[in-house]
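Visitor: Each chain is listed here by its residues.
Protein chains: 2
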Amino acid sequence: MSHEASLRYRHLGIDTAHEYVVYMNAGCHICRAEGFAAQTRLEVHGNERSLIATLNTVHSSLLGIDEASLSVSAQQALGVQAGDALRFSHVPVLVSESDLRAKIYGQRLDATQLAGIVADTVNGRLSDLHLAAFVTACAGDRLDIAETVALTRAMVGAGARLSWQREPVVDKHCVGGLPGNRTTPIVVAIVTAAGLTMPKTSSRAITSPAGTADTMEVLAPVDLDLAAIRRVVEQTGGCVVWGGGMQLSPADDILIRIERPLNLDSDGQLVASILSKKISAGSQRVLIDLPVGPTAKVRSSEVAERLAQRLQQVGATLGLAVDSIITDGTQPIGCGIGPALEARDLLRVLQNQADAPADLRERALLLAGRVLEMGGACAPGEGRLRARALLDSGLAWQQFQAICAAQGGLRDVPHAPLTELIVAPHAGSVRQIDNRVLARIAKLAGAPASAAAGVDLHVKLGQPVEAGQPLYTLHAEAPGELRYAARYASEHGGVIEIAHD
Amino acid sequence: MSHEASLRYRHLGIDTAHEYVVYMNAGCHICRAEGFAAQTRLEVHGNERSLIATLNTVHSSLLGIDEASLSVSAQQALGVQAGDALRFSHVPVLVSESDLRAKIYGQRLDATQLAGIVADTVNGRLSDLHLAAFVTACAGDRLDIAETVALTRAMVGAGARLSWQREPVVDKHCVGGLPGNRTTPIVVAIVTAAGLTMPKTSSRAITSPAGTADTMEVLAPVDLDLAAIRRVVEQTGGCVVWGGGMQLSPADDILIRIERPLNLDSDGQLVASILSKKISAGSQRVLIDLPVGPTAKVRSSEVAERLAQRLQQVGATLGLAVDSIITDGTQPIGCGIGPALEARDLLRVLQNQADAPADLRERALLLAGRVLEMGGACAPGEGRLRARALLDSGLAWQQFQAICAAQGGLRDVPHAPLTELIVAPHAGSVRQIDNRVLARIAKLAGAPASAAAGVDLHVKLGQPVEAGQPLYTLHAEAPGELRYAARYASEHGGVIEIAHD
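Heads up: the protein sequence lines correspond to chains A and B, in order.
So the first sequence is numbered by our numbering: it starts at 18 and just counts up by one.
So the second sequence is numbered by our numbering: it starts at 18 and just counts up by one.
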């Protein structure tokens, strides 16, 4: 294909998520000369950069025959503007494609091969179809320890990596799926109050009603650049910021986006995902919280134990000390589900208020205690006591205020203008709570985009209830969202199952 | 999600190939209320039909906040027009998704499970990511015989099925990859001249410079409806028509579209692909031609033999008699590569012209002979002689004219206005011919869209050549296409490798 043949970029603003798509009029000379049809892969050159994109042909006046457009991610990657020239060439043969095929056919991949696949994942040279094939070929336990180590290292190598001038740098991570489980800001406050360093980079919600970054943003700015983060950590020993802009293991974000719709679990990829983020963030000692429950991400202790062992083993090979803790994941932690409601809960715990959710406080103390022990801030077995002392004395709250101030100032927690109470249909006791449906209801109510929206839970497992007693309250900022959430809640009455005693 | 919330359909005409995509303004009330982002899967309702589509959000004035659009395939499936109301709902839980996951994790699937996956493939409920995961999970030899039988049966069941009032109905199929190998019309002419029934439904080119339907269309109309096909077969005993509009094993077309970019081979899926098309077309006895060569689709005799055995075994279980023949796939057959050039070659063979390509004639006689034997038109071992008699006597040519007349009239073969000769750079002998690069050159010259375009090959393997002796001629209808093809040819001088003797 001739490099001389060019088309002018026209902006259409179509967001396809990560996948690079190029749009051309089906009648343009390039499509006609090459016989290109939808789904052909092309190399696109513009602004002295290039990328590989999938062709969508346009059969309307949307694009002239001398024009081409790009999906938002592709346009941003090239940095082209309206009117810029785009040139096209055939896709070169990719080594990563044949390595991927080898993996599909059951061969083990070495470090170089995995690094090539990860690099081509990050630079968009592999299509979503290739990535789906890759995660499928790695599903279950089809990555052995050596491959998992190599994949983790490759994922770290394909992104930015932070380093800190302090030791030890501790961290904690929760293997998701439990609404309201917002222990991280409390843990950061406690362990940094004890003098440890915990620069926490966290994520926004992907499929949940709130990520730690969403909840923290209710209380303080979280979108800080690296210089600002360094200043905060220098001043306070810790931070709770959004890590999404720092290109820490970007391959992880891309693979998660493919695994999620396929609903695939891969031990190896989960381990590589968690550990690559932690190593990239400069952590040295990490505690992994593995909540187990029928509607949590990890559904059995056996799976959790296998995962814990794998995390420890791969971490050790890569110089990262990993400890895991298997916790109760049968019901939400705390009362609030949604950014502001969760922020309210964690403030109550930090401020030692009488109405602080006991389970959130206990979970945070358990995790903070283990992190204190891992970080050498106390003797083994004394972590929980030490954590409790730091919390009860108000030192943790003082420390949290200092962190928020350093990040840009502590904010007031907003309240949703609209609420609706859901009550028990009959007397009995709470037999089961479906974490997934509850999370869905909170999202329909507007979380996390509407920070004050979500669900406020009033009961716990095993608790006796009367007919008409409040089970939970919907919080919303817009009537439409309240209505959606209420309708979905009424269609899923069993989200909180009341057993007739 | 509320069914009351609707958007108006606006036509954008974006062709994404088979995948259903829905476009919405990122600021529309549905995206905002649901927190939908690019790549969410949605059920789309309109015109009293529904389908599942992947969301692309639009961040421009391309769509108003009360509008939505669909990819061409999705718009056609729903049959909606500009201004029609589209409603949206959450994607229901699909049984086929969890069965797919089971296969990914290494479980065997039963007939019901495979039928569900195939049905959801055809009706577009599984995304391209799911299909990529499916073909990956079946790659290599990960489908056993029982699964291959069940997959084949499911693919037949998910489409239309023809039946004929005559017996036996014979067919042949070539496992592709060999340019110019256009034996089918000759075989049809010979075996129907012997009184057998061979209603041949063939395909257009997908990645090659010409499919059998493209070549046959140079000589007669091939886009006939079922009633017309029945009339042709009733009159002549055979036909060579395009099968693409008849919905014979539509799942096959979809899976091929996914496998091709991944370049995956799966014994089970290849067998299911071939046999489902044949069974759907009403064939009873089928000969499979397996050309073996380093640049053909099948690269070793071992692979070909394993495939032949699998085809026979699965066919037998499904009531289809399958015989296979392993042939030489080291170089193109005949001289022409491209619809009109191949049509010219096959006419020369049928008309017993002195300049008829000997290899094409021999290959056609070999295959026709085997089909005659399979169909009981002659004693075993006498097929080739019988085929030769039918060809040499002019009966096959008479029969071919009758078929063309019945299909709508024999046409003159067009000639390309532009040609360019490629000559040997030095003396020697032809050591190797790269089928794939030669096919690519023919496509760049305009084949198959420009019927007269392509490559006319003047040498065969082992042939001695002088410096400057013609190797092949490029044929094109447009100067730009001739230029592209010539440039690519000059960059790939080794497509025909001349050994210094």
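Hints in this document: simulated from the structure, not taken from any laboratory.
Owing to the predicted nature of the structure, the values given are computational and were not obtained by experimental measurement.
Note that beta-carbon positions come from the ideal geometry of N, C-alpha and C, so glycine has one too.
Any given hint could turn out to be false.
So the derived label-pair ranges between C-beta atoms look like this [as the list claims (entries may be wrong)]:
(1) Arg428(B) with His46(A): 27 to 35 Å
(2) Ala396(A) with Val110(B): 48 to 56 Å
(3) Ser106(A) with Val110(B): 54 to 62 Å
(4) Ser106(A) with Gln370(B): 36 to 44 Å
(5) Arg453(A) with Glu251(B): 57 to 65 Å
(6) Arg25(B) with Ala102(A): 30 to 38 Å
(7) Ser507(B) with Thr129(A): 30 to 38 Å
Visitor: Run through the hints listed earlier and report the numbers of any the structure violates, in increasing order.
Guide: Hint check: 3 fails alone, others pass.
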